[in-house]
Amino acid sequence: MALQDKYKDLLDTATASGVSDLQVAEQDGVLHINGTAPSGDVKDKLWNIYGQIDPNFLSGDVVMDIQVATAVTGAKLTVVTESTNLNIRKGPGTDQPIVGKAAHGEIVTLISKMNEQWWLIRTDDGAEGYSYAQYLQPA
Amino acid sequence: MKLRHLTTSIMAIGLFFMVACKSKPKDSEIMTTVSTAVQSTPGVTANVKEGVVTLSGTVSTEEEKTSAEKAAKSVKDVKSVVNNITVTPPPPPAPVAVTADDSLKTAVADVVKDFPGVKVDVKDGVLTVTGEEKADRWKTLKMALDALHPKKVDAKGLKVK
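For the record, the sequence lines run as chains A and B. The letter at position 56 of the first sequence is residue 56 when you use my numbering, and the numbering goes up by one with no holes. The letter at position 129 of the second sequence is residue 129 when you use my numbering, and the numbering goes up by one with no holes.
The following block holds chain B by itself, in its conformation from the complex (with noise of 0.2 Å):
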């Protein structure tokens, strides 16, 4: 009787070594697929244990971390996702550069010097166009001013002829 109890004992403990055994290549070759799968994802890392993925990273949209997930889920024998993904909006646009009140002094004068009817004023990067001109030269002219790169160009006390 003891002998036959020694027996199954071993068996038993023989089955869960072999099960435990067979689970953990298992994680390995689960987290191979699924970072191909999630590759398609910059930024993200994907990581397993026990069948249950774990996705880290940043990325820069909702639908970035959504695929991700649904990538990861669809890949065999995964058991669940826990999804760890940030979403950080990319940095807005960096601001417009806007020239120097001192280099747009020294180019304005350069360029309103063949414009006799037309004043220029520079301050705080905005130029402020007084007098006349025709409508062609003051095409002319506005081109030249806006290749300055100010930060904004005010006509509205310019009188077009």
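Just chain A, with the same shape it has in the complex (with noise of 0.2 Å):
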């Protein structure tokens, strides 16, 4: 209970931010926070005050995990790379052979989800593929 009372600021701002299936269980000296964001920006602010009460997220006892309800199927993707191209893939996987390349800043749509780190995109020239979630971020 101590690590929900340390995180309380975040747990009551995900509660009034509208974040769904909000799942919150300590275990084994780690808070795992689940749960769907209505939106990109709340979970920027989530992600923002989870640094405030532990600078730079060295404390290890918060594991986060909030997905935005926006990325849907149809929904427009922009690239985040921080400059580089960012890969299609032919399959979900590193090892996968590149069809083809996102520039910075570019908007994809989201075919699907292979998981929760592969999603499927297209890019408006046409190029479809796999790439990595981490670099696409609801429009």
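In case anyone wonders, no lab produced these hints; they're calculated from the structure. Since the model is a prediction, treat every value here as computed from it, not as a measurement. Don't take every hint at face value.
As the list claims (entries may be wrong) - Straight-line Cα separation of at most 27 Å, DSS-like style, residue types lysine-lysine; simulated pairs:
| id | chain 1 | residue 1 | chain 2 | residue 2 |
| --- | --- | --- | --- | --- |
| 1 | A | K45 | B | K76 |
| 2 | B | K119 | B | K161 |
| 3 | A | K90 | B | K105 |
Quick one: dock chain against chain with the hints and give me the complex.
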């Protein structure tokens, strides 16, 4: 329960911001927080609060997975690589051949989610394949 | 004289039966009312015998047990309530599902390939992060690692620039 107190601000904000399917469970000294945020902004806000309570996320007492509800089939996604192109691959895995690239900041369309890490996307040029979800954010 | 005795006896027996008969439908009436009264507490059933209500079933809190008893007591003609409800607290929440090491290793390899200065070890569901990285890049990495549902992300050995 002590961890829930430490991260009370975070949990309260998650509830107040309309995070659905919010699950909070403490196990082996780690607070696991899962839920679906109504927007990418809410996800960012929660990560910022987490970063305020635990600067640089170094305590290792939280594992937080906040999905964004707007990342659904047909949704437009922005490529959020640091500066480089995003690889689009034939299959879900970095060992898969590259079939296309999407530029930093380009808008692509989400076709389906293979899993939480690999999403099938299509660029406006028609290139279709799997990219790493970490570099895609609902536009 | 004999006839008078007989008449009295018949009347007495008749009266006894009237009372006896009358008390029987009463239980079923009480039963109906009590059942409605305890309906607000799911999992509780009531039985009535000669005005004595016996409550049974399973609830998750002591409050529900007490409130069901109160509800039953408040019903007209109930003489007493035997509260046989058992309180069973709800089971603790399901343990957090931690991804198996094999799946974690594959997924971690995909994630860290874009973070050349960082090494992530996987053991028993715990991700141990070492090396050095810029604060905003580490945040991106931490988000990606957390999304893999590990048991823990230990970054004590990471130097954040």
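Practice prompt. Mind checking the alpha carbons of K45/A and K76/B for me, to see if they're no more than 27 Å apart?
Written response: Outside the cut-off at roughly 57 Å; violated.
Item to complete: Take a quick look at whether K119/B and K161/B sit within 27 Å of each other, Cα to Cα.
Response: Roughly 15 Å between the alpha carbons, so the hint for K119/B and K161/B holds.
Worksheet entry | Given pair status - K105/B, K90/A, alpha carbons within 27 Å | Holds, at roughly 21 Å.
In the structure shown, a violation is registered for the earlier hint numbered 1 alone.
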